[in-house]
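Participant: Residues per chain, in single letters:
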Amino acid sequence: MVKKHRGLAQIIIGRAFILFVLLLMYAPIIVLMIFSFTESTNVGTWEGFSLQLYVDLFKNKEIMQALFNTLMVALTSGVVATILGTLGAIGTFYMSRKGKKIMEGMTQIPIINAEVVIAISLAVLIVAVGAKFNFLTLLLGHVVLTVAFVYLSVKPKLMQMDPSIYEAALDLGATPSHAMRRVIFPEILPGIISGFMLSVTLSLDDYIITAFLRDNSFETISTYVQGVIAKSSIPPALRALTTVIFLIALLVLFVNNWKQKQEEKMKVFHTKGKVTNQ
Amino acid sequence: MKFRFQRKYLALPYLAFLLLFVVLPIILIVYYAFSDSTGRLSIWPLQNFFSDTDKLEVLVISLIFGFINTVLCLLIGYPVSMLLANKKYNKNIVLVMLFIMPMWINFVIRTWATRDLLAWMNLSGGKYPELATIIGLVYNYLPFAIMPLYTTMLKMDKSQIEAASDLGANPVQVFFKVIIPMTKPGVLSATTMVFMPTISSYVIADILGEGKVTLFGKYIELYYKSDWNNGSFLALIMLVLIGVTSLVSRKFTREDNTQVRSSIW
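Top line first, the protein sequences correspond to chains A and B. With my numbering, letter number 38 in the first sequence gets 38, and the count goes up by one each step, no holes. With my numbering, letter number 197 in the second sequence gets 197, and the count goes up by one each step, no holes.
Just chain A, same shape as in the assembly (with noise of 0.2 angstroms):
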């Protein structure tokens, strides 16, 4: 009985210890919701329930050109490190044991990497061949602290995949193109999407690469912050898109845990069929 209880009172404590590091983690996060529903403009002073500052928010142009610009840079450097990271794992992986050596030293670089060299060395460059800074270069910089976790996403699903399915394929009559897109392809899908997916949360999270990078007139929303803030105190108007930044990324979440749960269930629904067919 007493053993009982104290197995108890540990999970408690070890519950309650999981929570409290949460809520210190979050507590940042959570003022700034808390006060995103008052009009005060500092956080602290609590002036009654207002939604003002979600109205604010999207009347703010300046707010809203930086979150538009935030997310095309990210999907577009998405899009392009995916294209780039996905053949290269593919190629690698049928290279010889020199070649993948060669490549996954080169694809390590950029990842352990430090972001302030990364940015320093591509600023370099595009100064010493005379280039100026816009659109595509920020996209440079985008593509290079994205593509290696691309590659990394994608090539786990190479190994796993049956090497005689190509074979098989080409035997059959398929063409190398089609047999890469139709067999291949499919098998290393999930691979390339959460490499997609990795690649735009780094890209909307950056903010040292695309200070180096981009034309000085373009603002994402980590430069339009840093900059309105440098200047004056946190405009109130941030504390609404903090949370809907938030609501945004909760919903992310849940969305993918429940669909990493009915693939579960699938799955365990498919061999349980195989086995009665059997």
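One should not assume that every hint holds.
[Said to hold, decoys possible] With a Cα cut of at most 20 angstroms, we get these calculated EDC-like pairs of lysine to aspartate or glutamate: (1) K132(A) <-> D215(A); (2) K91(B) <-> E264(A); (3) K8(B) <-> D215(A).
[To be verified] Restraint ranges, calculated between C-beta atoms of paired labels, are given here: (4) V55(A) <-> F50(B): 15 to 25 angstroms; (5) V255(A) <-> K91(B): 12 to 22 angstroms; (6) T38(B) <-> D215(A): 25 to 35 angstroms; (7) R181(A) <-> I180(B): 42 to 52 angstroms; (8) F58(A) <-> W44(B): 48 to 58 angstroms.
Just so you know, the hints here were simulated from the structure itself, not pulled from any lab data. Each residue gets a CB set at the ideal place from its N, CA and C atoms; glycine is no exception.
On the provided structure of chain A, position chain B as indicated by the hints.
Facilitator: Chain B only, in chain A's frame:
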């Protein structure tokens, strides 16, 4: 001669991209680090670095901040990961994901939110720049410590723990003699994912230290703006530090750190 398609050719654009935009820029940095402002080869930036106490001081301070941040992230992250990986305390993957989700909220906004909260609590960086910076660093890097720790703990062989306690080890002994050695790879990846990024970090100290704390990453940027050669040398120092730590950690861990980061999706 007729061109014959081989599957490995698909990697050519990726290879060209990496050579042009990853390898070449690093070569440029090395070139500028070992030349003077007229472009001639010289060890002037190197002499400059080792004779300038300011630069060395910033590096040492950054290493200290990196060390403190790593220790704090491990001290908080280790028990959290242990509890999260233990079915008795947590069966829900969503809880684990919640520890990573801060990474999805824009990093600059998150850091400014921390600054607002600290100001409200009268702990602003204006008064306590070091403390505010450390708090901001822990906030930002804790998820990077929890992820690798959590994944190693999930894979940990639980029967060894049971065996140890069955054979008479008390919980403290089990922890230090069985659990810690088994989770060493996770501790090491967590360390590499927190330590080096802290030193090269840039925005956090800027926002939370309110200009009173300068870490190496910020310093590289300051120099780069005025003087390419010395700036490049600082960047090179950073590169060497990163290279050495990643080689050391690879020796001990077979698993890739990066897999942890991509496992979010």
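Participant: So, for every hint listed, does it hold in this structure?
Facilitator: Comparing the hints with the structure gives:
1. K132(A) <-> D215(A): 8 angstroms, holds
2. K91(B) <-> E264(A): It holds: about 16 angstroms lies between the C-alpha atoms, which stays within 20 angstroms.
3. K8(B) <-> D215(A): 37 angstroms, violated
4. V55(A) <-> F50(B): 15 to 25 angstroms: About 57 angstroms separates the Cβ atoms of V55(A) and F50(B), which means 15 to 25 angstroms is violated.
5. V255(A) <-> K91(B): 12 to 22 angstroms: Hint holds: Cβ distance 20 angstroms, inside 12 to 22 angstroms.
6. T38(B) <-> D215(A): 25 to 35 angstroms: 30 angstroms, holds
7. R181(A) <-> I180(B): 42 to 52 angstroms: 49 angstroms, holds
8. F58(A) <-> W44(B): 48 to 58 angstroms: Holds - the Cβ-Cβ distance for F58(A) and W44(B), about 54 angstroms, lies within 48 to 58 angstroms.
The structure fails to meet hints 3 and 4 from the earlier list, while all remaining hints are met.
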